[in-house]
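Engineer: Residue strings, one per chain:
There are 2 protein chains.
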Amino acid sequence: MYVQAGFNVPEETTLNLEQLEDAVLAALEGDETARLESLLAPLHPGDIAELIARIPLSELRIAVFRHVPDELAGDVLDLVPEVIQDELVEDLTPTELVEAVQEMSPDDAADLITDLEPAEQKELLENIPQEQSDAIRDLMRYPSDTAGGLMTPQFTALQAGTTAGQAIDILRRVADSDHEVFYYVYVVDARNKLLGALSLRDLLLARSHQLVDDCMITNVYSVDVMTDQEEVARTFKRYGYLALPVVDTENRLLGVVTVDDIIEVIQDEDSEDVQKMVGAGGDEGIDSALTLSIRRRLPWLKVNMVTAFLAAGVVSFFQDLIERNVVLAVFLPFCAMMAGNAGQQALAVVIRGVVLDTAASRRWFRILGRELCLGCVNGSIIGALTGLVVYFFSNPHNPVLAVLIGAALMATMMTASVSGAGIPLLMRRIGFDPAQGSTVILTTITDVVGFGFFLGLARLLEPWFASPAP
Amino acid sequence: MYVQAGFNVPEETTLNLEQLEDAVLAALEGDETARLESLLAPLHPGDIAELIARIPLSELRIAVFRHVPDELAGDVLDLVPEVIQDELVEDLTPTELVEAVQEMSPDDAADLITDLEPAEQKELLENIPQEQSDAIRDLMRYPSDTAGGLMTPQFTALQAGTTAGQAIDILRRVADSDHEVFYYVYVVDARNKLLGALSLRDLLLARSHQLVDDCMITNVYSVDVMTDQEEVARTFKRYGYLALPVVDTENRLLGVVTVDDIIEVIQDEDSEDVQKMVGAGGDEGIDSALTLSIRRRLPWLKVNMVTAFLAAGVVSFFQDLIERNVVLAVFLPFCAMMAGNAGQQALAVVIRGVVLDTAASRRWFRILGRELCLGCVNGSIIGALTGLVVYFFSNPHNPVLAVLIGAALMATMMTASVSGAGIPLLMRRIGFDPAQGSTVILTTITDVVGFGFFLGLARLLEPWFASPAP
Numbered sequence: 001m002y003v004q005a006g007f008n009v010p011e012e013t014t015l016n017l018e019q020l021e022d023a024v025l026a027a028l029e030g031d032e033t034a035r036l037e038s039l040l041a042p043l044h045p046g047d048i049a050e051l052i053a054r055i056p057l058s059e060l061r062i063a064v065f066r067h068v069p070d071e072l073a074g075d076v077l078d079l080v081p082e083v084i085q086d087e088l089v090e091d092l093t094p095t096e097l098v099e100a101v102q103e104m105s106p107d108d109a110a111d112l113i114t115d116l117e118p119a120e121q122k123e124l125l126e127n128i129p130q131e132q133s134d135a136i137r138d139l140m141r142y143p144s145d146t147a148g149g150l151m152t153p154q155f156t157a158l159q160a161g162t163t164a165g166q167a168i169d170i171l172r173r174v175a176d177s178d179h180e181v182f183y184y185v186y187v188v189d190a191r192n193k194l195l196g197a198l199s200l201r202d203l204l205l206a207r208s209h210q211l212v213d214d215c216m217i218t219n220v221y222s223v224d225v226m227t228d229q230e231e232v233a234r235t236f237k238r239y240g241y242l243a244l245p246v247v248d249t250e251n252r253l254l255g256v257v258t259v260d261d262i263i264e265v266i267q268d269e270d271s272e273d274v275q276k277m278v279g280a281g282g283d284e285g286i287d288s289a290l291t292l293s294i295r296r297r298l299p300w301l302k303v304n305m306v307t308a309f310l311a312a313g314v315v316s317f318f319q320d321l322i323e324r325n326v327v328l329a330v331f332l333p334f335c336a337m338m339a340g341n342a343g344q345q346a347l348a349v350v351i352r353g354v355v356l357d358t359a360a361s362r363r364w365f366r367i368l369g370r371e372l373c374l375g376c377v378n379g380s381i382i383g384a385l386t387g388l389v390v391y392f393f394s395n396p397h398n399p400v401l402a403v404l405i406g407a408a409l410m411a412t413m414m415t416a417s418v419s420g421a422g423i424p425l426l427m428r429r430i431g432f433d434p435a436q437g438s439t440v441i442l443t444t445i446t447d448v449v450g451f452g453f454f455l456g457l458a459r460l461l462e463p464w465f466a467s468p469a470p
Numbered sequence: 001m002y003v004q005a006g007f008n009v010p011e012e013t014t015l016n017l018e019q020l021e022d023a024v025l026a027a028l029e030g031d032e033t034a035r036l037e038s039l040l041a042p043l044h045p046g047d048i049a050e051l052i053a054r055i056p057l058s059e060l061r062i063a064v065f066r067h068v069p070d071e072l073a074g075d076v077l078d079l080v081p082e083v084i085q086d087e088l089v090e091d092l093t094p095t096e097l098v099e100a101v102q103e104m105s106p107d108d109a110a111d112l113i114t115d116l117e118p119a120e121q122k123e124l125l126e127n128i129p130q131e132q133s134d135a136i137r138d139l140m141r142y143p144s145d146t147a148g149g150l151m152t153p154q155f156t157a158l159q160a161g162t163t164a165g166q167a168i169d170i171l172r173r174v175a176d177s178d179h180e181v182f183y184y185v186y187v188v189d190a191r192n193k194l195l196g197a198l199s200l201r202d203l204l205l206a207r208s209h210q211l212v213d214d215c216m217i218t219n220v221y222s223v224d225v226m227t228d229q230e231e232v233a234r235t236f237k238r239y240g241y242l243a244l245p246v247v248d249t250e251n252r253l254l255g256v257v258t259v260d261d262i263i264e265v266i267q268d269e270d271s272e273d274v275q276k277m278v279g280a281g282g283d284e285g286i287d288s289a290l291t292l293s294i295r296r297r298l299p300w301l302k303v304n305m306v307t308a309f310l311a312a313g314v315v316s317f318f319q320d321l322i323e324r325n326v327v328l329a330v331f332l333p334f335c336a337m338m339a340g341n342a343g344q345q346a347l348a349v350v351i352r353g354v355v356l357d358t359a360a361s362r363r364w365f366r367i368l369g370r371e372l373c374l375g376c377v378n379g380s381i382i383g384a385l386t387g388l389v390v391y392f393f394s395n396p397h398n399p400v401l402a403v404l405i406g407a408a409l410m411a412t413m414m415t416a417s418v419s420g421a422g423i424p425l426l427m428r429r430i431g432f433d434p435a436q437g438s439t440v441i442l443t444t445i446t447d448v449v450g451f452g453f454f455l456g457l458a459r460l461l462e463p464w465f466a467s468p469a470p
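In order, the protein sequence lines correspond to chains B and R.
If you're matching positions, the first sequence starts at 1 in the working numbering and goes up one per residue.
If you're matching positions, the second sequence starts at 1 in the working numbering and goes up one per residue.
No lab work stands behind these hints, which were simulated from the structure alone.
This one's a predicted model, so the numbers in the text were calculated from it and none came from an experiment.
Honestly, I wouldn't trust all of these hints.
Same chains, same label: a pair holds when it works inside one copy or across any pair of copies.
Said to hold, decoys possible - SDA-like cross-link-like pairs, simulated, lysine to any residue; straight-line CA separation at most 25 Å:
no.: 1; residue 1: Lys237; residue 2: Leu39
no.: 2; residue 1: Lys193; residue 2: Arg252
no.: 3; residue 1: Lys237; residue 2: Asp283
no.: 4; residue 1: Lys302; residue 2: Leu290
no.: 5; residue 1: Lys302; residue 2: Leu388
no.: 6; residue 1: Lys302; residue 2: Ser394
no.: 7; residue 1: Lys237; residue 2: Ser144
Take these sequences, add in the hints, and give me the full structure.
Structural biologist: What follows is the structure in structure tokens.
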């Protein structure tokens, strides 16, 4: 979590990272430590993290990281992409790692330490000050995809009965310490139960002898510490908050989730959907271990293999027909490709609709009707165009074959559109993730129905379009 | 934009919207206006918007909206999904619309008005107070996907030379007006040029006679008013800010973009990628007009049609072979389906990687190598499994056919994986959107290469696996 404004950066808005990278690498090569440090010192940790991520060699990345000013090392380590974080953590000496972790906020430190081996975790936690390691251990108890895993324990809580003047004095004191003084301040009773919240603005505008109890908001939205992070993100989106307090089942204040952590959640959840659609893991990235990728992708490929045998089974049922009219084999993959594309368009639009707007599935009738129309229009146009091409390029002109292919395309594209819309709606209705594996399910339906329809119709029309065997 | 904490809601964290919807609809049916208003009055506008979105009939939606307390109507109208907003705007009388728009912040009002017909825009703007309509007109000059289109003009700017005490007095005054008093306060010179920023916290902690010039941060990150919204979002993400000032080319302060607007941008951009992949429009939703959907989808379907003819061309080149060995026609779509799935897995993971981490494309060699390995492992496993099935189910057992299909699957799945990774990397390199139409390009490559390899290998092996003609 990082919410401080303004670092001492050059005047221009966007830093020229390319030039900076060149300068940094030159300084590193020339062993000009002072120059390297003076290049890095004025930068925002976000820029340093970006700079390090751009460097292609891991030896150079760690060398640059070692010259990051001590007080920024923790933030930089938190902000680099996860794969690079892992590498840096591996390359740092235990002492260096302890130093960097000490500069991190407890929630970021907990995220980092959770990924280590148990023995490394233990060693690291033993070497940082008790108070900090206790805070980190507390946070590590919550799964990382819950409110507890997102929250920071560094918030400001005031006891009921504090005056605005006293509150400002308290804030002045904690401002010097590590506490993240944030936009909201919370008011608790003697047993740490959440009573209310007030913004810094309210505090600024209150008279100094006024009790915080009198200027606070008493009905504060809060989330339970075990709430799933997607639900937390939805609450943020619905209300536009900057921070939400996190409580246990007894309404005791445990921490605060801030909006910047939520941005990551929203981005992750959204992009996961694409990967889940095609049966890659939502948690897979370009730098994941090969074994993870195989574990995530292979099961869906196997499912797809089984369903592909289904489709092959449909085709084999018509082997004699294809043997007599081999042109059908040419257009089988054609149909599959077009129906697949039309279906995926519907799938992508509807999954997004269902994910963004939780009320959307209540309009299922309208959504299916819409995709039926679209499938009908696009299917007719593509079917007609393809039919025309087939007619003019078949030698001799074969109008029945043209009609067969056109009609089959129209029907399979309509089926594909409706299936693409129906799959996520149905999955949501029966309580499944609307994205997971949906492309595999879709292709199965479009292939089985599409091949069946195409070849079935071909069998009916065979007397009229068949070419004599060679 | 909505950043106020705490509305007077029931104690529980999550409202039971289902019960509330039933109660609201019952009150509406029974014409119990007082009951209806008492149900809606204590709710947060985000909850009312969600409630309205859940109601399936548009007549009921507008009836409920008419009972929303006047001061919340603008926020509710801003927070409902866009399609419902359009409907409500159409159903409201001009007077009702003017009333609602007057309660909206200028940036939200500008977004809403931009979507209206020019004549309606003019009428609406003429009927709201001059000061407000000027602010809205100002904002409407900027494209909606730029910093100017995202910013609010309601920020607090202090003149250089103001003391902290005076600043607090100024904030007290504007707190009662419509200004969104936000976490940061900006300091400008007499010509409105941005000099610095300070947080409310800094102000709270300053002594009252201290000049804001002395406690402000002087090197503030700002964005130019014409900066693309994606770039603005990246700046927010990189630095973890809550708000960024927006300036013109002369560094004059024009407005402020806040983090809640950025959440929408990030979410939209991310989910657009999925749709662009399959050639649906990034701007298409489940409630878009049919004509928009057709205009977006049909061109890509046509592109796909052309490429599908390419693939069909490859197959037709082998017609004689298929005629002699019709079992090949059964396994053609099988190969296409498996390669398509493997390729899309790689595509989804790499697109996400390239979009999330702009430095990723510099590691292209590693990314391609990784997908080559994955394609090799998954292709071998699926190829071997499929080969075994083919062997045991072919009658009589046909080991050459099994090897042919297994080898073809392995080769096409490897090609598909590498292509899936290469397409977004190449598109980004040549300055294209890495997602747009990528699935169509991928299927073309996998089908053409896959069919060519499969049938080419089959021709080579034909003497050994061919079954005698019936």
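Engineer: Each of the hints needs a verdict: does it hold here or not?
Structural biologist: Status of each hint after checking the structure:
no., hint, in the structure
1, Lys237 - Leu39, "between (39 Å within a copy, 22 Å between copies)"
2, Lys193 - Arg252, "within (4 Å within a copy, 46 Å between copies)"
3, Lys237 - Asp283, "both (23 Å within a copy, 20 Å between copies)"
4, Lys302 - Leu290, "within (18 Å within a copy, 37 Å between copies)"
5, Lys302 - Leu388, "between (38 Å within a copy, 14 Å between copies)"
6, Lys302 - Ser394, "between (38 Å within a copy, 20 Å between copies)"
7, Lys237 - Ser144, "both (20 Å within a copy, 20 Å between copies)"
Violated hints: none; the structure is consistent with every hint.
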